[in-house]
Structure formats: structure tokens, C-alpha cells
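S.K.: Here are the chains, one letter per residue:
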Amino acid sequence: MTLTATDCSLSFRQPDGSTLTALNDVNLEVEPGTRLGISGPSGSGKTTLLYVLSGILRPERGVVRWGFDELTSMREAARDRWRLAYAGFVFQDFLLFPGMSPIGNVALPASFGTAERAGSRGRIHAQPDRPRDRAAALLERVGISDRGRDVTSMSRGERQRVAIARALLSRPAVIFADEPTASLDRSSAADVGRLLVGVAAEAGATLIVVTHDPDLLAQMDRVAAIEAGSLRDRVARPTGEGVGR
Amino acid sequence: MNPVPYVLSDLRSGRGTAAVVTLLIAFSVAIGIGVSAQELAVRRAANAAADPFDLIVGAPGSQTQLLLSSVYLQPSAIGLVPGSVLQELTERPEVAFLSPLGFGDQYAGYPIVGVVPGFATRNNRAGLADGRVFAALDEAVVGSRVRLDIGDEFTPVHGFLEGGIGSPHGEFTYRVVGRMATRNSPWDAAILVAIESVWFIHGMGTGHAEDGSIFGHAAAVPIGPPWTAVEVPGVPAIAVEPATIRDAYVLRSELRNRPTTTAIFPAEVLFELYALLGDASAILAVFSLATQLLVVMAVLVVVGLTQRHKRSSFAVLRALGAPSGYVLLAVWLAVAVQVVAGVLLGVGLGQIVAWVLSRIASDQTGLTVVATVSAREWRRAGLLGAAALVLAVIPAIISYRDQVADALRR
Ligand SMILES: Nc1ncnc2c1ncn2[C@@H]1O[C@H](COP(=O)(O)OP(=O)(O)OP(=O)(O)O)[C@@H](O)[C@H]1O
Ligand SMILES: [Mg+2]
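Protein chains in written order, with the working numbering: chain P, 1 to 245; chain W, 1 to 410.
By construction, these hints were calculated from the structure, which means they are not laboratory data. All values reported here derive from a predicted model rather than from experimental measurement. Keep in mind that a hint or two might mislead.
[Unchecked claim] Covered stretches of chain P, going by a simulated chain W footprint (3 or more residues, C-beta under 8 Å):
(1) 52 to 58
(2) 72 to 80
(3) 98 to 112
[Unchecked claim] Residues from chain P that face chain W, not an exhaustive set, calculated with beta carbons under 7 Å:
(4) Phe68
(5) Leu95
(6) Arg232
(7) Val235
C-beta atoms are modelled at their ideal positions from N, C-alpha and C, and glycine is treated no differently.
Only chain W is shown next, with the shape it has when bound in the complex (with noise of 0.2 Å):
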């Protein structure tokens, strides 16, 4: 019994519908395997953003919106933390190394952030991609994604919105002397100056106690800890790395109490963020297997009327002499070619609606989103190819049931 070469020229003769079948098949794999592996992706890539920062100090608000502002680069107006614990931070022996982020200026759209030298080589663990690290108040690292080459000289503009409300600070110019490595996050498409110039242009000193005229010699003012100025400015935040995870704990417990800051594990409000979200993504998943499962009725309903259509075919198959069993596996072998092609055709198209979801989370989000199809989703097409096999047997028995002799009659 070889029912191939009948379903062969059953699926020709009828191949628009078996096209249609199996694209809506391959649509909503697709639209399965795309929303799944997106979803992972963007929690890969935002765990491996948070990576770097072991803890972050902050005024006292909404512990998310630090999260967003200081780790991913958000705009948004967050208070300051006072300079004295910028200066009491960097004494205390629980701290191996910090960097205030004084963020709030922007070039081109890309935030400026005042920070220490040693962040842009995240403490000399990682080199730069090109040039040296910023050494004076008007030199400048630029992210890997910044369109701004080294010797290049920009004026920041205050305000997070390119050409927006912000003004440009009066004459000050910032030259780009070097350019970090790529960290897959938003701060890639950051600009690294000295907290001090920062401090300066708006007019707050430079946090070091030999203030003075500075127009001309920028290179004058000390750049990095200590602030020994009698007033230090504060920061909007202060990314701190504990020498020890007890230390970590400690240094927590004890700014999170206090009136004026607040401290965060990025690590640990991402994991509240996604428990949140988890609720969400719960309601995608069920319109994501609603749709599919509609899918699948669709095929059912397309595959039953076509079915109703072949009706004299199978009769005509049995009155030549085939056995029911024949018409039963050609018609179920003809809708497990159209799922097992749909699925296939599914999953690489679901590659590609990963990639493309990939591409506009990187770009609204600055973190490097890579969606791969993976097992997990491999296992969910197969899991419905398999339930549409199983369902193929319905149409399959409908038509084995069937009386000959009525289907001839027309």
C-alpha cells in the first residue's frame, strides 16, 4: 500500500489551499517561536546590561526608576545624592571602587554622563576599543556606537532631548580622545567625560578644593577622587563595587535606610521588574497559543471543506479497489505534508520574526538583543505539529467511514 503518489497529485491538483494551509500553519509557528525566543532574549540582554553594576546608590524614590535611569540610560529626573556621601563612600573600606554617574546632558542625542576614569575600563578589567582614557576636564570616551570619531569636538546641550528644550553650555567643548569597548548595553551609546566638568558646567565648581578661574587651563583641575572641596556637588547616582558580597549587603542595608539615599542590587529589582512583567508576558503566552490554537481550527475547517470536495475522489478510490486503510493515510499523510512543511517553514520564519524583534528591541532599548531559536522553541512547534497531527486523523477517519456508494452518488 503506497498511497504517495496519489497524495502527491492530490496536493497538486489542490495546491492552492494546501498553500494556504500550510502558510497559516508556518504564520503561527512563527508568531510562536518569534514572541518566545524575543522574550528570553531581552531578559538575556538586560541581565547581561545590569551585570556590571554590583550596586548602585541613589536618592531616596522609586527604586525602577533608578534602575532605568543609572543602568539602562533612561531619561528621567531623579533627585541627587548628596556630595558628602559621594566623599564618605569613597573612604570607606567596604567599598573597593566607585564612580558617581552624573547624567543629564546630552550630545546628539547621546546622554553624557560624568563618571570617574576608572569606569570607562570598568576599573582596568576591560581595555578600550581605540584612543586613551578622558584625563581633563574637556576630553571625552565615547560608546562603541557613538558617531563620533577620536579628535572630534562637540558642545553638550543640557536636557535629555535631542535638540529639545535643552541650551548648549555656553562655550565649552568636549574633544573625544577615546572610545570604548562594545558592552552590549545602552551605554554604548554614551559619552564618558569627568564628573568634574560636568559638575562645572553647571556651574556647581569642580568637587576639588583648588577652585578658581579654570577658563584655559582645563588641564588644571584634578580629575578623580578625592573630592576634597569644603562642598562637594551631589550626583544623581553613584555606581558602587563592594570588596566583599557581605560588604555589598552592608553598604545596602545601611543606605537604604537613610533620609537622603537609597541603594539597589540592580540584579535583584530586574528580578522583581520581571516577576511583575511575568504577569504579562503570562497573557502573551495565552494569546499566543489562542491564536495558534485558531490556527488550527482553521486548518480543520479548510481541510474538512476540501475534504467534503474529495469526497467522490475516495469513493472512487474504493470502487477501483483501494483498501479503506489506503484512503485513511493518504488523507492523513496529505495534512502531514502541509504540517510538517508549515511547521519547518515556521520555525525559519520565526528566526526571522525573532531577528526583526530583535532588531527594534535593540533599538528602542540600547541593549544588544540576540533572539535565537533554541530547543525550548523547537520543542513548542514540534508539540504543535504533533497535536495537528493527531487531529489530521479526524478529517482521516471522516473520509475511511464514509460509504462509497453514497459518495459516488452526486
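Chain P extracted, bound-state conformation (with noise of 0.2 Å):
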């Protein structure tokens, strides 16, 4: 499915009483596959059109859509189900949650309820495994072995590769990532970002990844850069210095 922002434009109130804009008559499409990289400095906007692209915020105006589904015009019930069908999300800080095995952690999303895909051909309930066989298999699949121990004793490379598992569990259609290399050192963000990449492609999945990272954005089919919330979609591609302060 394509998902597309068509004019999106957000502002936030500031303490001081100013408003300041976020996003800023946000254009974008992207076709289901593509990997998709948005760069810009910080406090550009980055983050805010993940979210507004994943439905956890409404744009003030704009659409944005998901095939002929307007999530924009969704209820935040129905943008949750909708999250918790199609979309996988990675964080910067990989955000486990503590006092939970990998296992614990990756099998979580299962226990949100029933995820209903649109028309029938659903892809969970199409595949009856159990959801920590799954998150056993995806464990596996990221190279996380000890699945036993507690999230809070392993490795920041090796959470980021829990997070990732996690994203994958409900097999989303499309995962975001928010700077999913940035708190890593070189040669695990290299790890963690290839591996990013190869499970989206496995998959089938869209994937969008806010990234500084040249590596990463490397591996990428197109680049959008961001800029005081005016995205420039299809910039060139890195070559290793330019893009990210």
C-alpha cells in the first residue's frame, strides 16, 4: 500500500506563547518496498512527520493516506489498530520495556488485541504461530541468542537489535525508524542499520528511517531532506559527507 502525505502542515505552541511550524505544507509518497531515508538538522522536523505519517499526530491541515484509507480522518481507536496492523516502530533509545526477557519484550504487541487488516486477506491471522514461537524465530532472525536475561543487562547494540525484533513481530507493512543508529557506536550502528535494511527488504516492508547516519542513508532508495519543517523530497544521495551535521 502507498502511503502519502498530500499538504500536511503542523504547528506547535511554544511556552514562550509563540507558535512555531513544524511541518510545513508536507508533500510526500512513498510506494510500498521503498526505503525511504529523511534527513535534516535537528529541530527540523524530523520526528514530527514520523509521527504525523504513522498517525500518532493529527496534522492541523493536510491528509495523510494509506492506500484509499485516510488516517487522517481516522479516530485515534481506529489509527492505534491501524498502527498496530501495518506499522513497526524503531526508536533512537530502543525504549524496551524493563523487567521483561527479549522474548517478553518482542512478543509484547501481541497482547494489544486483535490487529485488523483491512479487507480479509489479514497477514496475522493468515499465519496462526504463536506469538513468542514468532518472537523466538525473529530473535534468531536479529541474532540475539540468550532471550532469557533482562533487556536492562544487554548491550545497547543488542537492544536496538530487541527493538528491531519487536517492530517485526506483527509483520508490518511499514516500519518507521527514528534515528535507529544514532545512540550506537560505529561499528554496531553499522550492524544494526544493514540489519534494518535486510529485514525490511526480507519482509517486504516500506521502510522509513530518520537518519543522520551516511551508512544508512547509503542503503536507501531515495532521500528526503527536511529543513524548518519544508520537506525537499529526492535529494541525491550521500556519498559520505553533507547530509547531517
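Two chains, two frames, some hints: make the complex.
M.R.: Set out below in C-alpha cells:
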């Protein structure tokens, strides 16, 4: 399904009373299976754009569509269901749940409820495997073998791998990742970046990644740059310098 | 929707706080239960101890003091009822049974009370646990908790204080011949002797006409009524068992208005005492309620603080597609688990608190106080728990209404 944003704008009221335009008439079209990189300076609206595309935030103006479904006109509960059914999320700081094993973390979204996909060809229901079995398989895929211990005792690279496995549990059609390698050291950043791109490709999922990481951007089909809320799509792919300060 | 796995991990990762919250609730429930169970138990025990005493006749003065010193054997100096009254009551048709209560002496802290032999068997309604009733001036029957065995001899000491001001009464010694069955009252720690011996030790004769030198032939002195001396000595109190209920009221109103006597129904005086103590117990109840409210508030604050801490976790749940109802239920369930655990633990602890308080109360009053956690206490704990469960909705709703994007920004 194609994800499109049309003329989306969003501004925030600042503590001093002024309004800040975080997104300014953003237009974007992401075809199924595309790998899109988004880069831009700090505070330019990258995270805000991801939230708008995933239905976490509703823009003040503009429309976000998933195929023919209009995310922006859905109620919040419907957008939650949409995210559960179609989207996966990877955060910069992993944001795993402490007090839980990697397998518990990965399997957790299965406890949110039944994800209903539009149409009858729901992929979750088509494969009636148990969430824990699937979580175990995903952990194996991302290279985590010790699945029993508490995630707080794992290294940062390992934690991000677990977070990627979690994002994949519901077989998402689109994976959002917000600076997934920014808090990792160089070598684990490279590993995790390759892993993310690899699993997205295997799943045939659309991948939308906010990142400054030139290595990661180099693996994208297409890169968009955002500056002060304005998006310029299809900018030149980075060659190692010049993008992301 | 099944937030249980999340709730479990949440409680596990914040187990310190969860334990504190659970313990706070448990303590508040335990204190509430312990105090309330205890109060009821003390009343029940006090009533039970007063039960065998229908009517008490004493010298004019405080009714409460008469009650305390006769039924509960609390040491106090009270006036004497003239021996003539004792003599008169022995012959009154309204009286089915009576016994003087001659207290004032003690041995090793056990009050020695001069009575008639029938008093030890409650006028033949109760047997002895062991041995027989005293039949001579120098024989004694001990209460169930007295540490003296049959055959032991002891010298009475004047006065109430153990090893205190009292001086031993010459060479007079008693010999233990029997042990009473347990009465669950301060009388379990009392030593019963013939009233004649108490009079005799205090140099007041024996109450019987054939006074004389009885040293060496204590067995010669008759024990029990009728007392035939020209001048029968006075006694601190007389326990009377009236023949009928009507007789009880006749005797009381008559003896109450004489210049030399007063008469009380112990049950009635107790009732008045409770009414008086009622104010105190109401204050106690208010304090106990206030403590519980404070605890509930403390719990809410703790929960509120941890909730702020958990904001981003909830936001992540939402970003991953959890419905807001899932977060609502998760927050509420986590609090509910702590509340229910706290209440159950508190009821258990309450049993212990009640038991400890019972032991203290038993030791101090000589009553057998048995506090049990009854339906009333369960109901109270249940109410507190229910209130907490309702209040737990507040943090749940706050988390539920939180804006995901705001909470994810840190
Ligand atoms: N909930 C909010 N309330 C007020 N201002 C906000 C809010 N969310 C974002 N902003 C502001 O909007 C602008 C864009 O924020 P956003 O987080 O999207 O930037 P970003 O490009 O992701 O930056 P970074 O690289 O630092 O993560 C910033 O100036 C930010 O301060
Ligand atoms: Mg950001």
C-alpha cells in the first residue's frame, strides 16, 4: 500500500506563547517496499513527520493516506489499530520494557489485541503461529541468542536488535525508525543499519528511516531532506559527507 | 487485549516501589483491623468476666471502683460493708446465694480473697479443676493461673503491692488444697480462702460465736454462714445471687439507698462505662480512619510519581499500537494488584496485631482477651480496598489521556 502525505502542516505552541511551524506543507509519496531516508538538522521536524505519517499525531492541515484509507480522518482508536496492524516502530533509545526478557518484549505487541487489517487477507491471521514462537524466530534472525535475561542487562547494540525484532512481530507493511543507529557506536551502528534494511527487504516492508548516518542513508532507495518543517523529496543520495551535521 | 504480561514486567521492574505501596496498604489495614478487633474482644472478655456476678453490695462510694475491685480484682482501698448487713442478707429470702469478698491481702502478687466455700464452685455450678474446696481456716483454693501446687504452703502478705509495703501476717500459713477451673477472668490469678481466716488474720475474730484461742486447732473453726458472732466483722464487698430477677431489683434499690451500703449490677455499670468509653473509641476510630486516609493518599502520591516516570513507557506502548484502553487497564491493574495484595497481607498482619494486642490486654487485665478477625473487619478491609481500587482509576485516566507524542519527547 502506498503511504502519501498531502499538504501536511503542523505547528506547536511554544512555552513563550509563540507558535512554531514544525511541518510546513509537506508532500510525500512512499510506494510499497520503498526504502526512504529522511535527514535534516536538529529541530527541523523529522520526528514530527514520522509521528504524522504513523498516525500518532494528526496534522492541522493536510491528509495522510494509506492506500485509500485516510489516516487523518480516523479517530484515535482506529489509528491505534492501524498502527498495530500495519506499522512497526524503532526508536533511537530502543525504549524496551524493563523487567522483561527479550522474548517478552518482542512478543508484547501480540497482547495489545487482535489487529484487524482492512480486507480479508489479514496477514496476521493467515499465519496462526504463536507470538512467542514468532518472537523467538525473530530474535534468532536479529542474532540474539540469550532470550531469557532482562533487557536492561544487554548492550546497546543488542537492545536495538531486540527493538527491531519487536517492530517486526506483527509483520508490518511499513517500518518507521527514528534515528535507530544514533546512540550506537560505529561498528554496532553499521551492523544494526544493515540488519534493519535486510529484515525490511525480507519482509517486503516499506522502510522510512530518519537518520544522519551516511552509511544508512547510502542503503536507501531515496532520500528526502527536511529543513525548518519543509520537505525536499528526492535529494541526492549522500556520498559520505554533506548530509546531516 | 491482555495487559497482564506488561503489568507483570512493570511490577517486576519497579518491585521496590510496589513493595513499599503494598506494605503501606498492609500496615494501614492491619492497624485498622487490629484495633477494631481488639476493642470488640476486650468488651466481650469484660462482659464474660462480669457474667457470674449478678449483684454486688459494697460500701457507699464510686460504683465503678466497686466494680473494678470486686469483679476485676483491681487493687483499691474501698470502705467496708458492716457485718450486720452480711448477716442480714444471709437470712433474706430474696437471696439464693451469697459470698463476702474479703480482699486486701496478697501472696506473690496474687490477690487473696476471703469467700465462702461455695464461691469456689460457683455455688456448685462448676467443679474444681483439681483437689477440693477449702474446709478449714488455713486452707486455700487457687485460680487456674496461680503458680502454686496442691500441698504448697504460703504466708499471706498484707497490702496489694507485691513485695511492697505489706508485712507478713505473723506465722499464719495457708495450704493449697484445690485449684479452680479456668474462669477467663482476673479470678484465675486469685487465691480463695475462707473469709473467716481473713478476719482472723486481721485480728477481727472469725465471725463465729465460739471465738477463742484457735492456734493449733484451725480445723475447729466453722467455715461459712451463718456467722453467729455478736459483732460480725465488715467486708469490702458481697457478691449476691438473687433468687429471681424481681428480687435482684428489690435488693438493689433497697441496698442502694441505705447510708451504709450501695449495690450495683455489674453488667449495667459496664454498659455505662462503655458508653463513657464510647467517646474515646470514637476518637480512636477517627484517628484510625485518618491514618488510613493518609496511607491512601501516600499510595496515590507514590503511584502518581511512578506514573510520571512511566509516561514514556506508556507512550511507547501507544506508538506500538496499543489501544488507550490497554494503557488504562494496565495502570489500573498494576495498582489493583498492589492494593489487593496489600489488603490480604494486611488482614493477615491484622490477625497478628490483634493477637499481640490481646496478649498485652490479657496480661494487663487478667481477662482472657481473644481477638479474632471477624466479618466486620473483613468488610472494613474490603471497603478500603474498594475505595483504593476506585481511586486507582485516577492515575489510570491521567495516563490514558496523555498525549503520546508529548510523552515520547524527553
Ligand atoms: N509536542 C511539542 N510541543 C512543542 N514543540 C514541539 C513538540 N514537538 C516538537 N516540537 C518542536 O517542533 C520542532 C520539531 O521537532 P522534532 O522533534 O520533530 O525535531 P527533529 O527534527 O526530530 O529534531 P532532533 O533531530 O533533535 O530529533 C522542534 O523545534 C521542537 O521543539
Ligand atoms: Mg527527532
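S.K.: Honestly, which of those hints from before does the structure not fit?
M.R.: 4, 6 and 7
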